[in-house]
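S.K.: Assemble the complex: chain L is given as a structure, and chain Y must be docked to it using the hints.
Single-letter residue listing:
2 protein chains.
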Amino acid sequence: MLLSLDGRGPLYRQVIRAIRCGIREGWLAPGTRVPGSRDLAADLRVSRNVVLLAFEQLKAEGYLEGRPGSGTYVCQSLPDTRLETPPADLPAAGRVRRQAALSSVGRRALQQFQSAMKPVRCHHRWQYDFSYGLSLPDEITAHYWRRTGPAMRSSDYDYGDAAGYAPLREAIAGLVRRHRGIATDASRVLVTSGSQQALDLTARVLIDAGDKVVMEQPHYQGARTLFLAAGADLIQCPVDEQGLQTERLPDDPGIRLAYLTPSHQFPTGAVMPYRRRLQLLRWAAAQNVYLLEDDYDSEFRYDCRPLEALAALDRSEQVIYCGTFAKSLFPSLRIGYLVLPDHLLDAFRAAKWLADRGNNQLHQKRLAQFIETGDYQRHLRRRARCYLRQRQALVDALAGVFGDRVRILGAEAGVHLVAVFPDLDEATLRRWIDRATHYSVGVYTLADYYHRAAPTQPGLLLGYANLSERRIRAGIQRLARALNDVQAAAA
Amino acid sequence: MLLSLDGRGPLYRQVIRAIRCGIREGWLAPGTRVPGSRDLAADLRVSRNVVLLAFEQLKAEGYLEGRPGSGTYVCQSLPDTRLETPPADLPAAGRVRRQAALSSVGRRALQQFQSAMKPVRCHHRWQYDFSYGLSLPDEITAHYWRRTGPAMRSSDYDYGDAAGYAPLREAIAGLVRRHRGIATDASRVLVTSGSQQALDLTARVLIDAGDKVVMEQPHYQGARTLFLAAGADLIQCPVDEQGLQTERLPDDPGIRLAYLTPSHQFPTGAVMPYRRRLQLLRWAAAQNVYLLEDDYDSEFRYDCRPLEALAALDRSEQVIYCGTFAKSLFPSLRIGYLVLPDHLLDAFRAAKWLADRGNNQLHQKRLAQFIETGDYQRHLRRRARCYLRQRQALVDALAGVFGDRVRILGAEAGVHLVAVFPDLDEATLRRWIDRATHYSVGVYTLADYYHRAAPTQPGLLLGYANLSERRIRAGIQRLARALNDVQAAAA
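Residue numbers (this note's numbering), protein chains in the order written: chain L, 1 to 491; chain Y, 492 to 982.
Keep in mind the hints are simulated off the structure, nothing from the lab. Incorrect hints may appear among the rest.
Only some residues are given here: those of chain L computed to face chain Y with a beta carbon under 10 Å [as the list claims (entries may be wrong)]: (1) G26; (2) T32; (3) G36; (4) Q99; (5) S104; (6) V105; (7) R147; (8) G181; (9) I207; (10) T225; (11) L226; (12) N288; (13) N359; (14) N360.
Computed from a prediction, not measured in an experiment: that's the story for all the values here. Note that beta-carbon positions come from the ideal geometry of N, C-alpha and C, so glycine has one too.
Just chain L, same shape as in the assembly:
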């Protein structure tokens, strides 16, 4: 409390004047809770009775009000509405609405944020929300993240290595060795605040404004906004059923980086075959380009054994590998990781150190133990069993309801698929999406994942991680009704 007593007259009157002054000056705002009488007495070094006496008086005057069982509050409507009067010698009286004077990065960041799809979902807005990217932990996993945490050593409370908590780096190295075939130890692993920070650090360490960055078309829009904010010049390279069309990669010495999702192309879900992976690596070696491999949902595969990561095939230290626990555990965990070529380690560690000094160690320790004990693998197996059923329900429902009108892409892995409707145009698709909300169904157009070009086919991106089989079936039924409405209105 900033309250201070002026030393004039009885103590309780001094306390009254101090509180009134706080209210008038605005930092004890209407509706806020006033500290308890014990706390206030300790702060002001007066007896509690003095404070209680002052409270009584201020309640009588209409400044404070007691709420039973909850404490004492500043009244919403105050007896005197005299405005805050700033000292006469302050530079400007009243609030000035300034124009923000931003850096070039600040201006671009603001522009991207304002034009981007926002990350905040409206929970329970729609009964059947096929939005992508929300995975919730089941009860067993949720319990792990709430229950009593591991014992802490004093160094766990201190700043740690900016590259991450050593046991977590070990655990992650073990995961990518076993599951993605990448021959790495913990030294090449850097823990980040989600894959978003992994991408951001890459942009900061490697990209100057004006540098060229190759992206898949369509692509993950979160990467696009980031590279545009960094001032990169984006070059789009098209995608087909086998992922990025590597034979169409440009020959341009100005290219610094290519951002790729070879294992499960986002959003189309295409898996890049071995031949194209080698072509990509050869191109990168010839052009001296870094490849940023975003392996965002490699944990869930249904019909096929996983191909090795691009980073597992890399023999010339060009691949920067990025993974995340946001899809396999839950988004707000905010832990992702990079596996880096040796020669980039120091620069990335430096950038992480400058950005935030490293992730919270309590949390890293909890995650490390979750992996070490095998709980994480068990979690993945439980989730994969659910997702497999949900995916099947979605594929069956789409085929049953739309028959030959729908073509399903990217259902082999991950927690979303793409449903292409070749006989619709984009305008009709958007009317359909709009109409679907009347049936409490949320669906999203594929077109949002393209940059400056229309998609070749109108399609929907359908996430299913967070919907039961029953809801999936009912949601697709309602979606069909919405399409009927739209087409009836057009006829």
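M.R.: Only chain Y this time, still in chain L's reference frame:
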């Protein structure tokens, strides 16, 4: 696991070939733990007996070894040392040591990191370590951070508002209103990953390479490295017993930002008087400069009531206020905050969204409840009582041992003070610091907090948050012996 069976011959032989292949190709590295037989059997869709049979055979061949009670591991020394043979058509055989091709930010970040004092402390390296910045929670607070966390709603697991979890922003707004006199509501609060990210976001949003930034001399070196990495041109402004010498602030239209610690100057501990604060605000208004107020340890004050924050006096929306829980709770918590002028909110939220999408919500919820329940205030009062005694022990020990030779600065607040030794030169001081390590005492020179200029007086920065009174007294006794050694050797 990436193991896949080739379908030839008996199942257990297929498993053996698959594991041998994994070992040879390097992703089952020597010394790593192999998944348990149950897990592996589930992954490969074979019976557990098949896997156990394969393990027995591989142990017999010297590929695997069992460790009782711990599982099965790849042997450290393997029977065949055939090197990993990459596919013949890969671009480069063998590892290539590449030169890192970094962006200008990447190059500057690396340079700053390599030249900076590193944040990783050697715990228990010295018995009497007066290093600054390590605060440990007491048992009550440590227990809070380990115990079962608050109940979570599904939206708590999802991405949240990049600006922070609403109840935590409310709680922080309440703290800065009550304790720092800043008339704000939650809308102007942005939660960051420690004050480091608060500074980093400020640099990104406001500073272009070549922009001028005013800093105190001496100053917090963490801010210096950050602004230098951003490419800023630093202007040093000297500090005296009243903090920044505001009459020496330069008149230069190229200045974009001034970084300041008015409430407890870092490292000298000077408190800036009201008159200078107004002078600073007038200068900022005239020059159109943003003021970044780092209020890093405002929670602990001993002899004086706190002055209001600079942000509380700001009437022209020029002050960006930055606070942290790293000092009041513990560093690895990694939660700090900004209180921003309205017109900068969107740009900062955009930068945070691009940087990492926002902090972990479980953790934010835990901190919000810690504040709301009053536990945080009780924690601060317990800590302040300890720190007050520790400070007194340090001041008394210094005066008792060094008498008139020492001048103590900045002891009114915070968890460190500065001891100036006017009769020593910097070279002697450094020999002393070096000699002190023989007595297991860690002390640090004030000179490291100056940029490109020697301090006017040789001094030590002494942190006391993490030392008992007994240790403080013993440490200062030993420090005196080290000085005797150095001066005896010189005589």
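S.K.: Close enough to count: is the Cβ of L/Q99 nearer than 10 Å to one in chain Y?
M.R.: The hint holds - L/Q99 has a Cβ within 10 Å of chain Y, the shortest such distance being about 7 Å.
S.K.: Taking 10 Å as the limit, does the beta-carbon of L/G181 come near enough to a beta-carbon in chain Y?
M.R.: holds (5 Å)
S.K.: The hint names L/T225 as touching chain Y; please verify it with the least Cβ-Cβ distance against 10 Å.
M.R.: With a closest approach of 7 Å, the L/T225 hint holds.
S.K.: Quick check on L/N288 please, does its C-beta sit within 10 Å of some C-beta on chain Y?
M.R.: holds (7 Å)
S.K.: Does the CB of L/V105 sit less than 10 Å away from some CB of chain Y?
M.R.: Check passed: Cβ of L/V105 comes within 5 Å of chain Y, closer than 10 Å.
S.K.: For the hint on L/T32, does the least C-beta distance to chain Y fall short of 10 Å?
M.R.: holds (6 Å)
S.K.: Can the hint on L/G36 be confirmed by a CB-to-CB distance to chain Y that is less than 10 Å?
M.R.: Since chain Y brings a Cβ to about 7 Å from L/G36, closer than 10 Å, the hint holds.
S.K.: May I ask you to test the interface hint for L/I207 with respect to chain Y, counting a Cβ-Cβ separation under 10 Å as satisfied?
M.R.: holds (5 Å)
S.K.: Hint check: is the beta carbon of L/R147 less than 10 Å from a beta carbon of chain Y?
M.R.: Since chain Y brings a Cβ to about 6 Å from L/R147, closer than 10 Å, the hint holds.
S.K.: Does the nearest C-beta of chain Y fall within a distance shorter than 10 Å of the C-beta of L/N359?
M.R.: It holds, given that the least Cβ distance between L/N359 and chain Y is near 7 Å, below 10 Å.
S.K.: Less than 10 Å between beta-carbons is the criterion; does L/S104 satisfy it with respect to chain Y?
M.R.: Holds, because the Cβ-Cβ distance from L/S104 to chain Y comes to roughly 6 Å (cut-off 10 Å).
S.K.: Close enough to count: is the Cβ of L/L226 nearer than 10 Å to one in chain Y?
M.R.: holds (6 Å)
The structure meets every hint from the earlier list without exception.
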